[in-house]
Amino acid sequence: MTEVKVTNVKSFLHFRYGGYSLKNNIREIRKKINISQEDLANMCGVTRQTINAIENDKYDPTLSLAFRLSIHLGTTIDELFTYEEDSK
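At position 64 of the sequence shown (counting the first as 1) the number is 63 in numbering that gives the first Met the number 0, and the numbers step up by one without a gap.
Among the clues, some could well be false.
BS3-like mimics (lysine-lysine), calculated; alpha carbons at most 27 Å apart, straight line [unchecked claim]:
{"no.": "1", "residue 1": "K30", "residue 2": "K57"}
{"no.": "2", "residue 1": "K22", "residue 2": "K57"}
{"no.": "3", "residue 1": "K57", "residue 2": "K31"}
The hints are simulated quantities; they were obtained by calculation from the structure and are not laboratory data.
Let the hints inform the model, and build the full structure from the sequences given.
This is how it looks when you write it as structure tokens:
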């Protein structure tokens with residue numbers, strides 16, 4: 000059996016579900032609970048620029064970071080990230 004290494008949210012969803020577009024709700028949830036990008040970054044051990052890049056769909060977080068984000072935002076990964084099937 001071939002081992003598949005999945006290191007980030009996008010590759011996990013691609014492996015599990017096929018073609019899709021990854022979207023996230025991090026900005027909306029973060030603002031709802033009144034946490035700045037800087038504060039969230041410090042809690043997760045990354046830079047503010049990383050949080051900004053994730054929120055603007057410029058960077059796909061690792062699974063480890065996705066879990067940390069969900070913990071510090073008090074939500075689940077399913078609520079943070081959604082996918083839409085690519086049109087064929």
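Hints, verified against the model:
1. K30 / K57: 19 Å, holds
2. K22 / K57: 11 Å, holds
3. K57 / K31: 22 Å, holds
Hint compliance for this structure: every hint is met.
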